[in-house]
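Undergrad: Sequence:
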Amino acid sequence: CVRKVSILLGSLEDLVAEEFKKFKWYLQQSEVLEGFPAIPKGRLENADRVDTVDQMVQTYCIHKHLLMLLLLLDDHPVLGSESALR
Numbered sequence: 034c035v036r037k038v039s040i041l042l043g044s045l046e047d048l049v050a051e052e053f054k055k056f057k058w059y060l061q062q063s064e065v066l067e068g069f070p071a072i073p074k075g076r077l078e079n080a081d082r083v084d085t086v087d088q089m090v091q092t093y094c095i096h097k098h099l100l101m102l103l104l105l106l107d108d109h110p111v112l113g114s115e116s117a118l119r
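To convert, count from 1 in the sequence shown and add 33; that's the working numbering.
Just so you know, the hints here were simulated from the structure itself, not pulled from any lab data.
Where hints are given, some of them may not hold.
[Claimed, not checked] Below are the SDA-like pairs computed for lysine to any residue, each with C-alpha atoms no more than 20 Å apart in a straight line:
| id | residue 1 | residue 2 |
| --- | --- | --- |
| 1 | K74 | Y93 |
| 2 | K55 | Q88 |
| 3 | K74 | E64 |
| 4 | K54 | E78 |
| 5 | K54 | P73 |
| 6 | K37 | E64 |
| 7 | K55 | R82 |
| 8 | K55 | L106 |
| 9 | K37 | L105 |
| 10 | K55 | L66 |
| 11 | K54 | T85 |
| 12 | K54 | R36 |
| 13 | K37 | D47 |
| 14 | K37 | E51 |
| 15 | K55 | V35 |
| 16 | K74 | K37 |
| 17 | K54 | L42 |
| 18 | K55 | R76 |
| 19 | K55 | K74 |
| 20 | K54 | E64 |
| 21 | K54 | L77 |
| 22 | K54 | A80 |
| 23 | K54 | V35 |
| 24 | K37 | E78 |
| 25 | K55 | M101 |
| 26 | K55 | P73 |
| 27 | K54 | V65 |
| 28 | K55 | V83 |
[What the hints assert, rightly or not] Pairwise CB distance ranges, derived in the manner of DEER restraints:
| id | residue 1 | residue 2 | range |
| --- | --- | --- | --- |
| 29 | R36 | E64 | 30 to 40 Å |
| 30 | W58 | V83 | 16 to 26 Å |
| 31 | E64 | V35 | 24 to 34 Å |
| 32 | G68 | K37 | 17 to 27 Å |
| 33 | E78 | V49 | 14 to 24 Å |
| 34 | D47 | D87 | 28 to 38 Å |
| 35 | Q91 | W58 | 28 to 38 Å |
| 36 | V49 | N79 | 16 to 26 Å |
| 37 | Q91 | R36 | 26 to 36 Å |
Ideal Cβ placement from N, Cα and C applies to all residues, glycine included.
Please take these sequences and the hints and turn them into a complete structure.
TA: Here is the structure:
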C-alpha cells in the first residue's frame, strides 16, 4: 500500500507545474475518467502533490488509483512518461 502511494507521489513530482495543473483538472472531470468519480474542484484547487495523492487515495480504492494514473498518462502524453510506473 505504502509503495503504491510512493510510486504515485513520485510520478506527480516528475510533472512540471503546468502538467500537474492539467493532471488535477482531469481528476475533476467525471466525463473524462469513465468509471471513476470526479474529485470536487474545491478539494484540489490549492492542493500540492501530497494533498492530491491524499485526495486520490480517499476518492479511489488503493488498487485503482495507479490504474487511473496509467490511463491518464496513456491518453494524455503531455502529462508525462508512464515508464516511471513500470
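Undergrad: Taking the Cβ atom of Q91 and the Cβ atom of W58, is their distance within the range 28 to 38 Å?
TA: Given about 19 Å between the Cβ atoms, the range is violated.
Undergrad: Does 16 to 26 Å hold as the CB distance between V49 and N79, or does it fail?
TA: holds, 18 Å
Undergrad: Check whether the Cα positions of K37 and E51 lie no farther apart than 20 Å.
TA: Cα-Cα ~24 Å, so violated.
Undergrad: Is 16 to 26 Å respected by the C-beta to C-beta distance linking W58 and V83?
TA: holds, 18 Å
Undergrad: Does P73 sit within 20 Å of K54, going by the straight-line distance between their CA atoms?
TA: Holds, at roughly 14 Å.
Undergrad: Would you say the C-beta atoms of Q91 and R36 sit inside 26 to 36 Å of each other?
TA: violated, 18 Å
Undergrad: Need the status of pair K54, R36: alpha-carbon distance at most 20 Å?
TA: violated, 24 Å
Undergrad: What's the verdict on K55 and K74, does the C-alpha distance respect the 20 Å limit or exceed it?
TA: Holds, at roughly 12 Å.
Undergrad: Compare the distance between the alpha carbons of K37 and D47 with 20 Å, and conclude whether the hinted pair is satisfied.
TA: holds, 16 Å
Undergrad: Measure nothing beyond the straight line between the CA atoms of K54 and E64; if it is 20 Å or shorter, mark the hint as holding.
TA: holds, 18 Å
Undergrad: Given the proposed pairing of K55 with V83, does the C-alpha separation stay at or below 20 Å?
TA: holds, 16 Å
Undergrad: May I ask you to test the hint 30 to 40 Å on the CB atoms belonging to R36 and E64?
TA: With a Cβ separation near 31 Å, R36 and E64 satisfy 30 to 40 Å, so the hint holds.
When held up to the earlier numbered hints, the structure conflicts with 6, 12, 14, 15, 16, 23, 24, 34, 35, 37 and fits the remainder.
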